[in-house]
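Protein chains in written order, with this note's numbering: chain D, 1 to 113; chain C, 1 to 113.
Please note that a few of the clues may not be correct.
Below, a list of computed lysine to any residue pairs in the SDA-like style, where the Cα atoms sit at most 25 Å apart [said to hold, decoys possible]:
no.: 1; chain 1: C; residue 1: K57; chain 2: D; residue 2: S28
no.: 2; chain 1: D; residue 1: K57; chain 2: C; residue 2: G100
no.: 3; chain 1: D; residue 1: K105; chain 2: C; residue 2: R44
no.: 4; chain 1: D; residue 1: K1; chain 2: C; residue 2: D59
no.: 5; chain 1: D; residue 1: K105; chain 2: C; residue 2: V112
no.: 6; chain 1: D; residue 1: K57; chain 2: D; residue 2: P8
no.: 7; chain 1: C; residue 1: K14; chain 2: C; residue 2: V112
no.: 8; chain 1: D; residue 1: K71; chain 2: C; residue 2: V97
no.: 9; chain 1: D; residue 1: K17; chain 2: D; residue 2: S83
no.: 10; chain 1: D; residue 1: K105; chain 2: D; residue 2: T70
no.: 11; chain 1: D; residue 1: K57; chain 2: D; residue 2: I102
no.: 12; chain 1: D; residue 1: K71; chain 2: C; residue 2: G42
no.: 13; chain 1: C; residue 1: K9; chain 2: D; residue 2: S85
no.: 14; chain 1: C; residue 1: K57; chain 2: C; residue 2: S73
no.: 15; chain 1: D; residue 1: K105; chain 2: C; residue 2: L45
no.: 16; chain 1: D; residue 1: K105; chain 2: C; residue 2: E101
no.: 17; chain 1: C; residue 1: K71; chain 2: D; residue 2: V45
no.: 18; chain 1: C; residue 1: K57; chain 2: D; residue 2: I102
no.: 19; chain 1: C; residue 1: K83; chain 2: C; residue 2: G40
no.: 20; chain 1: D; residue 1: K105; chain 2: C; residue 2: V97
no.: 21; chain 1: D; residue 1: K105; chain 2: C; residue 2: L110
Since the hints were made in silico from the structure, they are not lab data.
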Amino acid sequence: KNQVEQSPQSLIILEGKNCTLQCNYTVSPFSNLRWYKQDTGRGPVSLTIMTFSENTKSNGRYTATLDADTKQSSLHITASQLSDSASYICVVSANQAGTALIFGKGTTLSVSS
Amino acid sequence: DGGITQSPKYLFRKEGQNVTLSCEQNLNHDAMYWYRQDPGQGLRLIYYSQIVNDFQKGDIAEGYSVSREKKESFPLTVTSAQKNPTAFYLCASRWAVNTGELFFGEGSRLTVL
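So here's chain D without its partners, still in its complex pose:
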């Protein structure tokens, strides 16, 4: 069964600190992996997309890694800001007919001052 598991479920950090969010998947055949940021009451916004051959991709203070062998991805946030408080969703796309997007439940990050 195709699944995406994210950890931790929630996280609280102080402003300025770094943090890493995890995403493990059992999706086959794998096509790509996306990280989205979703502010409370808003729609998700894409941060990064990674294909099988990519193992690191950055978007400002956000850096995503992908290990296709172990089927793990991480999202590292550097020098966190209050505006980083949001839910971060990992989405894995399966390479198959029809729609094949598998969503994780998300990690809720709270950045406090």
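Since the structure of chain D is provided, determine the placement of chain C on it from the hints.
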């Protein structure tokens, strides 16, 4: 600005009433999707459409209906048959079903009184 517009942002419904959520996109995307989001759960697919006049059931289609008469529009009707309709509803679109970035609208929150 190109994007996806959902309306209304907030909607209250009495039990037994049907309601329709609007989704309009000006991105020239063929594929459109409706997702439901509940606290602590990943996004669940309700319906998707690959092209005008075609749509397919997702994982939780019971109690919902859609139409795709125009490329730009993909309205979702929440019928009285939906047993637990209170949720956050997200519309999304992309170039084709398994191609391109997935863009989301800002969501519609439906509350049944």
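A quick look at each hint next to the structure:
no.: 1; hint: K57(C) with S28(D); in the structure: holds, 22 Å
no.: 2; hint: K57(D) with G100(C); in the structure: holds, 17 Å
no.: 3; hint: K105(D) with R44(C); in the structure: holds, 10 Å
no.: 4; hint: K1(D) with D59(C); in the structure: holds, 14 Å
no.: 5; hint: K105(D) with V112(C); in the structure: holds, 24 Å
no.: 6; hint: K57(D) with P8(D); in the structure: holds, 21 Å
no.: 7; hint: K14(C) with V112(C); in the structure: holds, 6 Å
no.: 8; hint: K71(D) with V97(C); in the structure: holds, 23 Å
no.: 9; hint: K17(D) with S83(D); in the structure: holds, 13 Å
no.: 10; hint: K105(D) with T70(D); in the structure: holds, 20 Å
no.: 11; hint: K57(D) with I102(D); in the structure: holds, 20 Å
no.: 12; hint: K71(D) with G42(C); in the structure: holds, 19 Å
no.: 13; hint: K9(C) with S85(D); in the structure: holds, 22 Å
no.: 14; hint: K57(C) with S73(C); in the structure: holds, 17 Å
no.: 15; hint: K105(D) with L45(C); in the structure: holds, 13 Å
no.: 16; hint: K105(D) with E101(C); in the structure: holds, 20 Å
no.: 17; hint: K71(C) with V45(D); in the structure: holds, 22 Å
no.: 18; hint: K57(C) with I102(D); in the structure: holds, 16 Å
no.: 19; hint: K83(C) with G40(C); in the structure: holds, 19 Å
no.: 20; hint: K105(D) with V97(C); in the structure: holds, 22 Å
no.: 21; hint: K105(D) with L110(C); in the structure: holds, 20 Å
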